[in-house]
Each structure stands twice: as C-alpha cells, then as structure tokens.
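Chains A and B, in that order, give the protein sequences. For my numbering, add 107 to where a residue sits in the first sequence, where the first one is 1. For my numbering, add 3 to where a residue sits in the second sequence, where the first one is 1.
Note that these hints are calculated values from the structure, not bench results. The beta-carbon is built from N, C-alpha and C at its ideal position, and this holds for glycine as well. Careful: at least some of the hints might be erroneous.
[To be verified] Okay, the calculated beta carbon distance ranges per label pair:
no.	chain 1	residue 1	chain 2	residue 2	range
1	B	V70	A	P197	32 to 42 Å
2	B	R87	A	V195	16 to 26 Å
3	B	P94	A	E578	37 to 47 Å
4	B	L27	A	G386	29 to 39 Å
5	A	E152	B	R16	36 to 46 Å
6	B	R16	A	K505	32 to 42 Å
7	B	R12	A	A109	31 to 41 Å
8	B	L79	A	D163	30 to 40 Å
9	A	R355	B	A62	31 to 41 Å
10	B	A81	A	D391	36 to 46 Å
11	B	H57	A	S153	51 to 61 Å
12	A	G339	B	R16	46 to 56 Å
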Amino acid sequence: MAPRSIAQLAQDLRARRVSARELAQQSLSMARSLSGLNAFITLDESAIEKAIPKVDHVLAGIPFAHKDIFCTNGIRTTCASRMLEHFVPPYDATVVEKLAAFGAVSIGKTNMDEFAMGSSNENSFFGPVKNPWDSTRVPGGSSGGSAAAVAAGIVAFATGTDTGGSIRQPAAFCGVTGLKPSYGRVSRWGMIAFASSLDCGGVIARSAEDCAHVFAAMAGHDPRDATSADCGVDEYVAALSTTLKGIRIGLARNYFGAGVEDGVASAVHESLRELEKLGAILVDIDLPNAALAIPAYYVIAPAEASSNLARYDGVRYGYRCANPASLDDLYTRSRTEALGAEVKRRILVGTYALSAGYYDAFYLRAQKARRLIANDFANAFKSVDLIAGPTTPTVAFKLGEKSDPLAMYAADVNTVAVNLAGLPAISLPAGFSQRLPVGLQLIAPMFAEARLLNAGYQLQQSTDFHLRTPEVAA
Amino acid sequence: MSIDHATVRRIARLARLSVDDAHLENLANELNGVLRLADALAKADVEGVEPLAHPHEQALAMRQDAVTEPDRADALLALAPQSRGGMYLVPKVIE
Chain A
108 MAPRSIAQLA QDLRARRVSA RELAQQSLSM ARSLSGLNAF ITLDESAIEK AIPKVDHVLA
168 GIPFAHKDIF CTNGIRTTCA SRMLEHFVPP YDATVVEKLA AFGAVSIGKT NMDEFAMGSS
228 NENSFFGPVK NPWDSTRVPG GSSGGSAAAV AAGIVAFATG TDTGGSIRQP AAFCGVTGLK
288 PSYGRVSRWG MIAFASSLDC GGVIARSAED CAHVFAAMAG HDPRDATSAD CGVDEYVAAL
348 STTLKGIRIG LARNYFGAGV EDGVASAVHE SLRELEKLGA ILVDIDLPNA ALAIPAYYVI
408 APAEASSNLA RYDGVRYGYR CANPASLDDL YTRSRTEALG AEVKRRILVG TYALSAGYYD
468 AFYLRAQKAR RLIANDFANA FKSVDLIAGP TTPTVAFKLG EKSDPLAMYA ADVNTVAVNL
528 AGLPAISLPA GFSQRLPVGL QLIAPMFAEA RLLNAGYQLQ QSTDFHLRTP EVAA
Chain B
4 MSIDHATVRR IARLARLSVD DAHLENLANE LNGVLRLADA LAKADVEGVE PLAHPHEQAL
64 AMRQDAVTEP DRADALLALA PQSRGGMYLV PKVIE
C-alpha cells in the first residue's frame, strides 16, 4: 500500500477513521520496532496524551519528529553530542512552537551527525543511523535520522537543518523529498548553531506536497532571530498546481562532472525528461566558479563553527569534566572529553583560519570566493527559472567506507554552493541506481521556494518514485 | 603552508582542546589535507571582489528599547553543572 500523504491523514482524522492518539501510538510503536535503524535519540511517549487536535489545520494530529538540534522545552536536546547528552532546554525553538501551535504531534528527536557536522550520520555520539533501503549503508547526514524515519514510514515528516547539504543529501540517499529554504526564511531561534551564516531549518517529507504543508507552517519572520528575513511568505500549497509550461531549467554542466556515477546521472536525466514532457525547457548553463564552493565552504563553515562552539566551556550548561584542577583545565578537559573527532577537527581548522596572520589568506579569501559563487547563481538566474543537477554524485555509500574526512567533504560537491549563496533548493526522489535511491536537486532564486515545490509536485504527479518504500516500511 | 606539530599544539591551545602526542601526527596530516583544499582559493582571481559575509545584506532591525525577555535566571542556572546564590561556580581563579 502506498504511504498516506499528510492531506490523506488529515482527511482520515477529520472523518474519524482514525484518531490522533492512534496515529501517535502507531508512529511510536513503529519507531520502537525499527529501533535497529537508530533513527531516534529520544522518543517522547507523552506524545500519545498530547495528541488531541485543538485546531483545525492540515497538520493537526499528524505525527512527526524533530531533528535533535531544535530545542524542545522539557525534552532533552543533545545535538548528538556527549556535550549535551543531558541538556534539557527550558524553552521551545520557534520552529517547535509553530508546529505545535498547528497541532502537529512530535513523537521524538531524531539522530544526526554531532552538531550537524557530517554527511553520513557516523559522527553521532549515539551511533550511526542505518539507511532503511540497505542497513549496511549510511542514510546521509547530518539530518540522517530525520530522512530515515520518513523513508521507513515512522513519521509523515521530520524537521531538518541544512548548512552544506544536511537536508538534501540524506533525503537523496533515503529516497524522500527534502526542502532547504532560503537563508533567513525559517527562524533559527532555538536551533543549535553550527555555522550561522549558512544554517537553515527545513523539512524532510515524502512528497513536495507534504513539504509545502509543513514549510507553510514553519516559514516566516521571527523578531527573535536577527537574521530572519523580514519579508512576506508565499501561498506554497496553492502554488503547487501551477503549470510548468515554459519554465526554464538550467542544467549546470558542473554538477554532472567527474565523480558523478553513471547510474545517478542517467536517473537524473530521466527525471529531467519528465519535466520536459510537462513543458519545461532545458537549457545548458555554466557556473564558472563552482569548483571554489568546497574550498570556500570548508573554510567558512569551520571558522563559524569554531566561534559558535566556544560556548561549550563546561560552565553554564552541558558537560563538565570531573575534578578540574583550574578554570583552564575545566575548559580544556570538558571540551576535549565531550566533543567528537570531527567536531574537534573543524574547530581546529576554523581556529587556524581565523588566527592572526592567516585570516586574510583563508577566511577573507573564502568570503571573496563566496561572492563569486553567489554572482554565478545571480547571472544564471537572469536566463533560467531553476537550476538542476544530481543532489549527490553517488548513491548512499557503505558505513565506514569514507574514513578519510576529505573524501567525505568531496561528496558535498553539489550541495554546498547553495548554502554559500543562501538560496533555496529541494532534493526530489528521481529513481534508483544499484537499487538505491537517487536525488534530483533543483535550485531556485532567493525566496522562490514556491517554484521548487511546484516543480516537485508536478514531477511527482507523473512519477511515483516518492511513493516507493523500502522493505522495512512494510 | 603546512601545519607542523607546534602549530597544531598552538591552535589546540587557542581552542581549549588538548591533543595527545600519539594523535599529533595524524591530526597534523588531516589538518594539512583540509588546508590544501584552500590552495584553490589561493589560486582564484578574487582581485577587487567584495567579501560576502552573509547571504542577506540587510541592516539589523531596530526594536523598542524595552525588556522583552522574562526573568528566567532560576531555570537557566538550573542547567549549570554548579551554581550557588544566583552565580555560576568555577574553580578558584585567584589564590
């Protein structure tokens, strides 16, 4: 049986074919029976009592999960780090507040790479998440638990965050739809910071239609986040039905370069042909500075991380080492004992890039490259409405396969530029290669999320890749 | 540019992280690998390019100069590993 969409579940609830409590119960029991996936860090059993729809909204009574990076009042929020293993926030993130206000029912917190640093979910203090399509493979990261939970059918949707691909890449690896909104579109208040000029909250769901319902509830200006975009939101659900006739889609040659597997490229081309049948016009484009994206990203993101993570010092909250000999010993041992290898590596890279004598060569130069990358997109969008390519060069790789951090970073080649420019992008299920899901990435101009969701929805009216489920979901 | 052991120690010290001697060589290699990525930045022609620090170059919003946050000192201090009398406690700094 095809998985139920959010709209279908909402209809079932309205017609009283099922109750919100039953849905929450089903979700929780499925999460427990699929605990081998390790998709959750914390389950919230109280979800069943809380599942009493008080409002009339499509999300009311729908079970979902939050990535464990969003602060939840009274429910521990770990960011998959030993540093925050016992951290119970005294407040809700804006995103948490908003989804709760519409009656959506959170059943727990999903696993992720520690502090969202990683592309495989292997950097979690709570152990790696398994890909529901093949338990010997990674689900992608950093929002790997969210993508796996949706793919396995445990929840209808899950929140995620995307700093360099952390929503789109796991969505691609798990065969679900992932929307990374424009920078500033979704409030970062209460979302634990990694790289503040890149971090973006978003959603992973089965379809573009489901994403539209959730995104409409999450988006909007928040005075508590100084970087929140102070501009209106669109009618994301209403825009789904717009025709794609005449829409111009740029194929970025750079995104089909060396390292892209043949099976991935051909599945993506197949989906692009579907879009063509729907009236889209495909145009070749060039993004001349695309090769600078990985170097710029792996300077800027660690630099911002090293600054953001300075707050974990063992004084105000989080882990504190035993028997500190001095204040300095307290800082150093608390951080050394409670942060994982990848997080420390990035802190060290960032500290170096920002240190006296190196700032100009690294951080400032990376920011100049960032401008060139943003300009490339701005130029391309003068002649096209969307830009397309594979979300990832390969299908999900094996757990433990990429032990070299640089090999892991290289896999982000098609996703990081979008964050540097702050643009919205979506990953859509685009078929299979080696029996594993492939993702099609569409990129839109600033604040044009409606166009991404519209294109995704139209594609999903003529394909059914988004309805395929792994065996574990049966 | 290459990072030697002394540099790894220096930046680890700046970041308040300690590094075992046994891991020093490995870490230096990994950091050098990451920084080699930046060679592409060194070669890029960025002459006269204005740095981009942030996707939106919007001015910070002004707000009323009024208290908006409630007093949550107790809830926040409850998160601290050690506190007393409304203060965070740390090891003695001055003898």
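Range agreement (Cβ of A:A109 with Cβ of B:R12, hint 31 to 41 Å): Distance hint for B:R12, A:A109 is violated at roughly 58 Å.
Pairwise beta carbon distance, B:P94 to A:E578, judged against the given window 37 to 47 Å: 55 Å, violated
Cβ separation of B:H57 and A:S153, checked against the hinted range 51 to 61 Å: Since the Cβ atoms of B:H57 and A:S153 sit about 39 Å apart, the hinted range of 51 to 61 Å is violated.
Whether the CB-CB distance between B:L27 and A:G386 falls inside 29 to 39 Å: Once the Cβ atoms are compared, 60 Å apart, the range 29 to 39 Å for A:G386 and B:L27 is violated.
Cβ distance range 36 to 46 Å for B:A81 and A:D391, holds or violated: 59 Å, violated
Range hint compliance [Cβ, B:R16 to A:K505, 32 to 42 Å]: For A:K505 against B:R16, whose Cβ atoms are near 37 Å apart, the range 32 to 42 Å holds.
Verdict for B:V70, A:P197 (Cβ pair) under range 32 to 42 Å: 18 Å, violated
Beta-carbon spacing of B:L79 to A:D163 - inside the hinted bounds 30 to 40 Å or not: 36 Å, holds
B:R16 and A:G339 - C-beta distance against the hinted 46 to 56 Å: 48 Å, holds
Assessment of proposed distance window 31 to 41 Å (beta carbons of A:R355, B:A62): 33 Å, holds
A:V195 and B:R87 - C-beta distance against the hinted 16 to 26 Å: Check passed, 20 Å falls within 16 to 26 Å.
Distance restraint hint 36 to 46 Å, applied to the beta-carbon atoms of A:E152 and B:R16: 45 Å, holds
Comparing the model with each earlier hint shows violations of hints 1, 3, 4, 7, 10 and 11; every other hint is respected.
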